[in-house]
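Assemble the whole structure, with the sequences as input and the hints as a guide.
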Amino acid sequence: MFTRHERLKNSYDVVIIGAGGHGLAAAYYLARDHGISNVAVLDQGYIGGGNTGRNTTIIRSNYLTPEGVKFYDESVRLWQDLSQDFDLNLFYSTRGHFTLAHTDSAMRTMRWRAEVNKHFGVQSEAIDAKAVAEAVPMMDLNCGGHSPPVLGALYHAPGAIARHDTVAWGYGRGADRRGVEIHQNTQVLGIELEDRGSGPAVVGVRTNRGRIATRKLLCAVAGSTPGVLAMVGLRSPIYVHPLQAMVSEPLKPWLDPIIVSGSLHVYISQSARGELVMGASLDPYELHSTRSTLDFAESLSAHMLELFPFLSDVRIVRQWAGMADMTPDFSPIMGKTPVSGFYLDSGWGTWGFKATPVCGKTMSHTVARDENHVLIRGFAFDRFARYALTGEKGAASVGH
Amino acid sequence: MKILTCPINGPRPMSEFAYGGELREMPDPASATDAEWTDYVFNRNSVPGIKCEWWCHTSSGVWFVAERDTVSDIVLRTFLHVKSVGGGA
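Quick mapping for you: the protein sequence lines, in order, are chains A and B. For the first sequence, the numbering used here begins at 1 and goes up steadily by one. For the second sequence, the numbering used here begins at 1 and goes up steadily by one.
Some clues are possibly wrong.
Reference excerpt, derived from the structure (chain B facing chain A, CB under 8 Å, subset only) [said to hold, decoys possible]:
| # | residue |
| --- | --- |
| 1 | 5 |
| 2 | 6 |
| 3 | 7 |
| 4 | 39 |
| 5 | 43 |
| 6 | 50 |
| 7 | 52 |
| 8 | 71 |
| 9 | 73 |
| 10 | 77 |
| 11 | 78 |
| 12 | 81 |
Read the hints as simulated data drawn from the structure, not as lab findings. No residue lacks a Cβ here, since even glycine has one placed at the ideal position from N, Cα and C.
Okay, here's the thing in structure tokens:
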């Protein structure tokens with residue numbers, strides 16, 4: 001599927017750190033839309049082995065801030081014809097997405113989100129408990145009496161799932177065919193900067209397989225962003241917590257939509273293979289590791305059973321974690337940085353997978369033209385210094 | 001169950017504790033520059049390594065400091081934070 005390159009070249013027009021969905025999408029659009037194919041994508045592990053392969057594959061655009069809604073709506077549009085673009089089946093499946101509300105204040109937030117969404121032409125509706133019961137008759141709206149009952153939901157019809165590995169493979173193959181070099185097992189050890197009077201600028205990258213000269217470097221890693229930033233002498237608000245997920249044994253299809261409950265810290269969908277794919281909230285403290293815990297499986301299962309008590313005999317077959325770059329306002333940090341030629345696609349926290357296509361589009365534009373794409377201006381690195389945060393309470397890890 | 005040792009109450013299950021973030025020096029608000037204050041308000045050192053962090057034993061309300069490796073999740077020691085005269089970290 002990919003060309004194997006024995007050696008790194010001495011120089012590239014653009015070097016991208018991280019061969020996940022985001023890095024490969026940026027490489028793909030750089031080659032396809034901007035005519036820049038002298039590009040190397042480096043990864044210390046393997047293609048799609050980071051958070052691209054560790055998320056719960058949900059795609060939606062029902063966010064709360066205008067910046068978030070516009071950005072994700074563009075992403076959802078890009079998703080819909082990617083399979084044809086790649087000539088590769090992404091198993092993109094539109095399911096509908098219910099965000100349950102268990103309190104009056106949560107219902108208020110759902111109405112607010114629905115109005116923001118509708119204003120930007122995104123299909124979202126606040127619905128009552130009866131409508132939830134009709135759409136998902138197997139759900140116990142009383143939550144077994146253990147939690148506040150379901151009062152209604154935010155229903156987002158375009159909500160979808162896709163096969164995550166294929167996204168990285170599709171972008172990787174498309175980039176590879178256009179001349180981009182993908183170097184796996186290639187670790188970045190340091191970044192060389194030069195200051196000719198106008199501030200620091202990127203001139204090269206040191207790797208475990210030799211030095212590369214480049215003037216443009218895109219950091220598209222997750223969980224390792226603070227370490228890469230330290231190599232160019234930058235500090236950021238990003239902090240790293242693990243986000244865990246798990247899947248059940250395959251069951252006959254019974255759950256078509258995607259169900260999320262912020263109060264119960266549960267999200268669940270059923271994959272094409274019949275497995276229930278389930279996630280919860282972030283781990284409670286900083287950790288640079290992808291270990292998983294019994295606490296997580298236990299508490300998530302307990303909440304699952306409050307909504308779907310008939311699952312009590314179903315077994316969990318796999319559990320894993322990814323390291324999430326969190327930011328104080330739950331929005332990403334993207335675009336140019338104080339180091340010239342050093343671009344960031346980071347701070348993706350709990351919502352990076354669904355943004356893969358639009359990140360590739362906007363970051364390739366930003367790198368090729370050396371100016372932030374209009375869709376990512378609300379996510380700029382310097383927004384903290386300006387005290388102009390983009391508070392995204394529609395992110396998955398935020399309870400309402 | 002992971003165990004953390006509270007300096008007052010001894011070894012307790014992790015579920016009894018809350019994480020309070022990394023132990024940091026607050027710059028003097030009267031004399032700090034805007035850049036220093038912004039750095040203090042927002043920026044965090046999230047590079048993997050051994051760090052001193054605030055933890056709280058929630059059942060008893062004891063705040064203390066843990067020295068922890070954020071890669072292996074091994075806690076090297078825990079101790080009570082001693083304030084210097086006049087407050088500050």
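Structure-based check of all given hints:
Taking 8 Å as the C-beta cut-off, the interface hint given for residue 5 (chain B) is violated, the closest approach to chain A being about 16 Å. For the restraint placing residue 6 (chain B) at the interface with chain A, the shortest Cβ-Cβ distance is roughly 15 Å, beyond the 8 Å limit, so the hint is violated. For residue 7 (chain B), the interface hint is violated, the least distance from its beta-carbon to any beta-carbon of chain A being 18 Å, above 8 Å. With its C-beta approaching chain A no nearer than about 6 Å, residue 39 (chain B) sits inside the 8 Å limit, and its interface hint holds.
A distance limit of 8 Å between C-beta atoms decides the matter here; for residue 43 (chain B) the minimum to chain A is near 4 Å, and the interface restraint holds. Checking residue 50 (chain B) against chain A by beta carbon gives a least distance of about 11 Å; that is not within 8 Å, so the hint is violated. For residue 52 (chain B), the suggested interface contact is broken, since its CB lies about 12 Å from the closest CB of chain A, more than 8 Å. Taking 8 Å as the C-beta contact cut-off toward chain A, the hint placing residue 71 (chain B) at the interface holds, the least distance being around 5 Å.
Evaluation of the residue 73 (chain B) hint against chain A yields a held restraint, the C-beta minimum of about 6 Å falling below 8 Å. The interface hint given for residue 77 (chain B) is broken, as the beta carbon of that residue sits about 17 Å from the closest beta carbon of chain A, more than 8 Å. With its C-beta approaching chain A no nearer than about 14 Å, residue 78 (chain B) sits outside the 8 Å limit, and its interface hint is violated. Against a cut-off of 8 Å between C-beta atoms, the interface hint on residue 81 (chain B) is violated, since the closest Cβ of chain A lies about 18 Å away.
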